[in-house]
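Colleague: Starting from the known structure of chain A, fit chain B onto it as the hints suggest.
Listed below are the residues making up each chain.
2 protein chains.
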Amino acid sequence: MGNKHETFTFKLGDFKLQSGKILKDAFLIVDVQGELNSAKSNAIVFATCFGGDHNFNQMGIGEGRALDPSKYCIISPNLFCSGQSSSPSNASPSQKGSKFPLVTYYDNINAQDKLLQEYFGITNPLLYIGFSMGAQQAFHWGALHGSRTGGIVPICGTAKTTFQNWIALEGCKLALTADAAFDNGNYTSPPSIGLKAFSMNYTSRLFDQKGYEENLHLGLFGGLADDHAYFQTLNDLFSGIDANNLIGMANTWQHGDIGKHEKFGGSTAKALSNITCPALVMPSSSDISFVAEDNIPEVKKMPDADLKVIDSKYGHFAGSMSPALSSEKEVNFIDDGIKDLLEKIG
Amino acid sequence: MGNKHETFTFKLGDFKLQSGKILKDAFLIVDVQGELNSAKSNAIVFATCFGGDHNFNQMGIGEGRALDPSKYCIISPNLFCSGQSSSPSNASPSQKGSKFPLVTYYDNINAQDKLLQEYFGITNPLLYIGFSMGAQQAFHWGALHGSRTGGIVPICGTAKTTFQNWIALEGCKLALTADAAFDNGNYTSPPSIGLKAFSMNYTSRLFDQKGYEENLHLGLFGGLADDHAYFQTLNDLFSGIDANNLIGMANTWQHGDIGKHEKFGGSTAKALSNITCPALVMPSSSDISFVAEDNIPEVKKMPDADLKVIDSKYGHFAGSMSPALSSEKEVNFIDDGIKDLLEKIG
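Quick note, the sequences are listed as chains A and B, same order. So the first sequence is residues 0 to 345, counted in numbering that gives the first Met the number 0. So the second sequence is residues 0 to 345, counted in numbering that gives the first Met the number 0.
This is chain A alone, in the form it adopts within the complex (with noise of 0.2 Å):
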């Protein structure tokens, strides 16, 4: 088979939100990489995370890896508000910037239900796998399609955004409109004041105090001079997004709760217990944003679940599958869970 690699829109009109409210001429940014097989069995859906879009996905695909290209068929669509797929920076004029309306994770997975139903005529894929905003979306997946899915892998983090992580997305949202230059999202050029107090604090929950302490922060992206190239990376990463687009990702992950679907009627419990599909839960030891413990409530209440932590020092950036953001032991560790996991459904 071809390692295919390709990125595409996927046009899904004018979308009906969970809230009732229609997202016009929504649209979805997907990246494929590797051929879907003739008998539609392949199909991974490899969902984005918050302020990482499908070229993120890249670190965690590879041939030899458990995401490898020459095998399956990688599909990565991207998050609404992410500024790929519709967002407030790429919205129709109407519901531009300010006034795009809150997007869930039930919409996202359900637009994404429609792109493999519609684009690829894919019914059950493969496996479901997402890190951090992209593992509450495998969770939404599960819960929802686990009975025709082969499996879900949700790392670094939970089916249901905990309080206090919500405190500290209210936090960051907070700091960021403190920006007078916000004006209510109707800025007119990057409140860079409010998005590098975003930065910060956002920053001060990628690494709990021990990593920190042992400076693994300045091993990222290819190593940094000292803490201010750190925090002035992140500062740019976070700066280059459009403000009102990190605002609608965090109002998402603020939202996150598998239980808010009609079908569960707000149970977080009955919803888990509809994840039927074997799954491998990967949590890492050190995230403080998703917390490994939160996960082992949630485990017990799902059928066929594995809970496998991570044990890391890289905190959240633990479960990136990237060597870039972790090391090659939780890469290693992340892929041969993932391979397993394929060894039993394939």
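Fair warning: there could be bad hints in the mix.
Per label pair, the in silico range of CB-to-CB distance [unchecked claim]:
#, chain 1, residue 1, chain 2, residue 2, range
1, B, S69, A, E292, 32 to 38 Å
2, B, K39, A, D226, 42 to 48 Å
3, A, S188, B, E117, 45 to 51 Å
4, B, S272, A, E292, 48 to 54 Å
Which stretches of chain A does chain B cover? Using the computed rule of at least three CB atoms under 8 Å from a CB of chain B, they are [as the list claims (entries may be wrong)]:
#, segment
5, 154-168
6, 175-188
Since the hints were derived computationally from the structure, they do not count as laboratory data. Glycine included, each C-beta is placed from N, C-alpha and C at the ideal position.
Modeller: Then chain B, alone, in the frame of chain A:
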């Protein structure tokens, strides 16, 4: 012995700071409960914490408690920048507001030493105790004056501010100053949007994940109706503090390191080994600002120190010594620890 209670101003005159700068017409606001005995052997210095002045300390004092004003003379000197002692909000015109110089913990304890010697005639206080920023002052006091102090009790604090703690504070400061109304510290009315952003980010670290999930925050301040009431209470608290004062205190905190003194030449280890008096170090098992683990290497370098971890879900507040901010279990555990130490050194 009676239980006198008074609050007074101690004038320091033009006070030389570690930086070499002069803090003009400096003063301490000092609260005293209990009476000094004729041998001057029953003085306990009870340092104040971030955002909490000598009134906050009252919650840790009481007859029958460890800090018993019928036995001890409990002296609470307010931190510089607290709004009580010399602060940006009350400085002489040439140093007011944004013009207030950086004040270190060593500056604070130097002023306190002057207070003890000149006002009370005390050279050897029986005990020096403090919570949070108060704990950090206790470490600084011990490093410099351990040889003439009965003991120190740092509760929920470290001898050196960790990098992650520094980042979190930097995030809070950037959130506050992102409000254009802050105007580089030259605001004419409180920068309320920035203060709210500060508060939310600070709030995210008061409890750990589990504490928040268990809704312990709703039991604070006599009981709160819901999350909104909790955020409002914290916002009211921080909004009631002058913004430059908040930043001044945060600067002292971020700069915290007992090694940063000419006597220790930048070596935290050397300063720790100079804490020769008995020390009782009490972190909280769920504090994410001052992580219990971070005290372990510190205590190892101290000649006569005990580490007693407060096994608690009350996060940072576990060390507040107040039943209104934690629970009787925590209050009693700390009180018992202090009583044992007082027994040993008394």
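Colleague: Now tell me, hint by hint, if it's right for this structure.
Modeller: Tested hints:
{"no.": "1", "hint": "B:S69 - A:E292: 32 to 38 Å", "in the structure": "violated (44 Å)"}
{"no.": "2", "hint": "B:K39 - A:D226: 42 to 48 Å", "in the structure": "holds (46 Å)"}
{"no.": "3", "hint": "A:S188 - B:E117: 45 to 51 Å", "in the structure": "violated (56 Å)"}
{"no.": "4", "hint": "B:S272 - A:E292: 48 to 54 Å", "in the structure": "violated (36 Å)"}
{"no.": "5", "hint": "154-168", "in the structure": "holds (count 6)"}
{"no.": "6", "hint": "175-188", "in the structure": "holds (count 6)"}
Consistency note: the structure conflicts with the earlier hints numbered 1, 3, 4.
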